[in-house]
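Undergrad: So the chains spell out like this:
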Amino acid sequence: MLVGSIQTPSGAVLEFLVLFAVILFGPVVIRRFGLPGLIGLLLGGYAIGSHGLDLIKAGDQTVPALGQLGLLYLMFMAGLELDLHMLRRQRTAAVAFGLVAFAVPLGAGLLIGWALGWSVAATVLLGALFSSHTLIVYPTLRDAGLGGNRAVASAVGATVLTDTLALIVLAIVAGTQTASARIGVVLVEITIGFAVLVGVAAFVLPRVVDAALRMWSGDRVARYLVVVVALLATAAIAEVFGIEPIIGAFFAGLSLNRLVPNEGQSMDRVEFFGSAVFVPVFVVSIGLLLDPSVMFTADTLELAGLICLGALGGKAIACLLAGQAFGFSWPERAAMYVLTAPQAAATLAVTLIGFELGLFDTSVVNAVLVLILVSISAAAVLSQRVVTWMPRGVEQRALGEKVLVAATAPGPSDTAMRAATRLARPDGGHGEVVVARMDGDPRPEPAALRALERHVFGHGFDGRLTTAVGPLAETVTRVVCESEPSVVVVDDAEFDTLVPGVPLVVVRLTASGEDTFRVLGSAGNEDAREIARRLDDRRTPRKLRRWRGGPPGDGAARPTDETQSIARR
Amino acid sequence: MLAAVTVGLGLALSGCAVKHGAAGAKFVPKQRGVLTVATSFLPAPGFWFGPGERLGFEAGLARALAHKLGLARVRVVQVPFAKVTHGRLDGADIGLSQVTPTSEREQTADFSTPYLTAPPGVLARTNVEAVDLNSLRGLRWVVARVSTLTPIVRDVVQPARPPLVVEDRATALDALRSGRADALLLDLPVALGLARAEPGRFQVLGQLSGGESLAAVLPKGSPNLDIVDSSIRALTADGKIAGLASRWLGSQADVPLIRSSS
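Which chain is which? The protein sequence lines are A and B, in order. Counting in numbering that gives the first Met the number 0, the first sequence runs from 0 upward without gaps. Counting in numbering that gives the first Met the number 0, the second sequence runs from 0 upward without gaps.
For reference, chain A alone in the conformation it holds in the complex (with noise of 0.2 Å):
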């Protein structure tokens, strides 16, 4: 009876079993051998495909339609991670920057196009592809300290310029081959979908979002799931105007960048997801296409000589022109370019859609494939001498990078969360918020945590909850010794304490029912000043008004209604 029932797996059971196996052991393996993660996931996607084990056959549907989902989820990730603040801190570097990496690739790809004989359309799609790259080394750097260096932060909000432009190319290319009216015609059609394109993304999606955000705000899965349904509905959005949904994904991601700062905890579940199943899919997807057989052939590896050429030496000769316009010393100029030269997620997104297009064919795949296994594995390499060239100064930190709120028990004010959400959005800031009790005071209750969380998500502040036990000024300083916060909103009146090296900011609720505010200790002027336009802001419907000098006399902040209950219980 048992033997009888046993049967070799088979259909999708086994598909997923092979697809996450990769995705578990292919990083793993290839990590041993000092080689990045993502090379493994290409590798396996190889051994799992019809070119290897066959384990995934040439016609099935399942992983290269996951791989779809993945592609966006990658597009709407790289939009998200993309650091607007340097983009702002840097402006005219970045911009000039960001034309000088897009134009020069773009006409090394234009060259060689032509030179190949290939069609117009490919031409240009090859030219997008060299345009624009993936910041995967900037980690390095930025945990060597070097996240401040003009130079590095030009590079990094070059990167919005280069991928949003590289995007655009890919959408009039695309657009030219999928409809069937005339050039004129589609490009009109683009330049209407991308205006509406620019319309969602800059203004109804911050604002839908950030309300369904606070609306569900003690529900994580449906917080989470908020974020997803923006990130499809901009991507189908971007299909009805004839542009690849991957740029609807795009702009999603820089539209909701602020509202899901890098550090925040939304963030943390959308990198988990996408870390652990949709990016992996897509570019396990992308290895069911490395073909040995095509790879290894005089023709592709040729072609893949000329496309790094291309691509790599494009990427150098921008660094070069932008670092002499701008005096960036040589080890500058060297981070720029190992910022700029790898090659990954845009570059396998512009791929895949030349060969769904059938602009490419497989052997211009492996041949891209070769680029990104090659810029990857250099920039990683070089990476790790160019942190040891490169000066290190004082690390400029954005005001509401990093913003602790500090409360006694049962948790902060209303006017305190109002004042951290206005400090932290414009920079995209996440935060913490530290509630501190009385050593003897009961432990706070699940429930009454829950309900604290959500009454600080319901403020549109996306960051972490913690409890501490002993008085406020002391859990003060020591929080800022440990999580080095950008500036502290203290919910007490009556808080005198002085904390080096940080700004703090105090709020209280007066009598009359307004929120204020007054700046304590450390804060030079120019922090005060800006403490000052974001909180006293007068197109803001509730704005805080500072009051000078000493904690008053009518006691501290008031608690919420919801606090309040949360204390009774």
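Keep in mind the hints are simulated off the structure, nothing from the lab. The structure presented is a predicted model; accordingly, all values stated were derived computationally and were not measured. Misleading hints may appear alongside valid ones.
Stated by the list, open to error - Footprint (simulated), chain B over chain A, 3 or more residues, beta carbon under 8 Å: (1) 108-119; (2) 353-362.
Stated by the list, open to error - Residues from chain B shown here face chain A by an in silico Cβ test under 7 Å; the list is partial: (3) A22; (4) G23; (5) E166; (6) P222; (7) S229; (8) R232; (9) D237; (10) A241.
For glycine and all other residues, C-beta sits at the position ideal for the given N, C-alpha and C.
Here the structure of chain A is known, so what remains is to put chain B in place on it, guided by the hints.
TA: Here is chain B on its own, set in the frame of chain A:
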């Protein structure tokens, strides 16, 4: 300027020797300016039918491919199915004959990227009713010896009575028409084409789950494979293939799924 010099140097070093277009090498037809297509079933309702077999999904696909490849016209030759699946096309450039790629067939033929998904579809006489696997088992089945779907009838449907085994699809259809059998498993697009052509006689009861597909056949090692692949992907991307399928075969999504785990 610098970029141009660098890339120019690279091109010079490579000797511009890449003989490939971005979408594959140029198509080389057996007969100049003509795409010669091998197919087995003439007429094949939904795929090749009408005066001179100029109507249908694969007839339209052949013309669209010829246009994409820069060829002036299409010539059709009839070749037995068993030969087409082995890549022996009797002088034709490609085979368009509702062929499903399999590992075994790939030993002797090259297959293009798929142009249609083709889950198994149950074609039955109009007076037959069955809504689930259990009721399918009670039907009288006919299977063709050379079909890739025969093992599915045996292993998944598991008919209560041994199926009638015939040589090929044409004989199996005759068995259905004459009432010697109730049901036949075909690629869903093929079943849909037949049901459309003979609505008083045939119906599609449902589809089974399966990820198979139909693809063009080329002789093993054909240099035209890349460009045919790219052309099929381009015709998929611009909606041409979806338009042909909708016009000649109808919608697969409207056919109910019969779960094989029940």
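Undergrad: Against chain A, with CB atoms and a cut of 7 Å, does the hint on B/S229 hold up?
TA: holds (4 Å)
Undergrad: Is the coverage entry for the stretch 108-119 of chain A by chain B consistent with the three-residue Cβ rule at 8 Å?
TA: holds (count 8)
Undergrad: Does B/P222 meet its interface restraint, that is, does its C-beta lie within less than 7 Å of any C-beta in chain A?
TA: This hint is violated: B/P222 lies away from chain A, its Cβ roughly 12 Å from the closest one there, beyond 7 Å.
Undergrad: Tell me if chain B covers the stretch 353-362 of chain A under the three-residue, 8 Å CB rule, please?
TA: holds (count 10)
Undergrad: For the hint on B/G23, does the least C-beta distance to chain A fall short of 7 Å?
TA: holds (4 Å)
Undergrad: Double-check B/A22 for me: the hint is only fine if its C-beta lies closer than 7 Å to a C-beta in chain A.
TA: The hint holds - B/A22 has a Cβ within 7 Å of chain A, the shortest such distance being about 5 Å.
Undergrad: Does B/R232 pass the interface hint, meaning its C-beta sits closer than 7 Å to a C-beta of chain A?
TA: holds (4 Å)
Undergrad: Take the shortest C-beta to C-beta distance between B/E166 and chain A; is it under 7 Å?
TA: Since chain A brings no Cβ nearer than about 26 Å to B/E166, farther than 7 Å, the hint is violated.
Undergrad: Should the hint that B/D237 touches chain A count as held when the rule is a Cβ pair under 7 Å?
TA: Because about 5 Å separates B/D237 from the closest Cβ in chain A, which is inside the 7 Å limit, the hint holds.
Undergrad: Does the nearest C-beta of chain A fall within a distance shorter than 7 Å of the C-beta of B/A241?
TA: Hint violated; B/A241 Cβ to chain A Cβ min 11 Å, cut 7 Å.
Hint compliance for this structure: hints 5, 6 and 10 are broken, all remaining hints hold.
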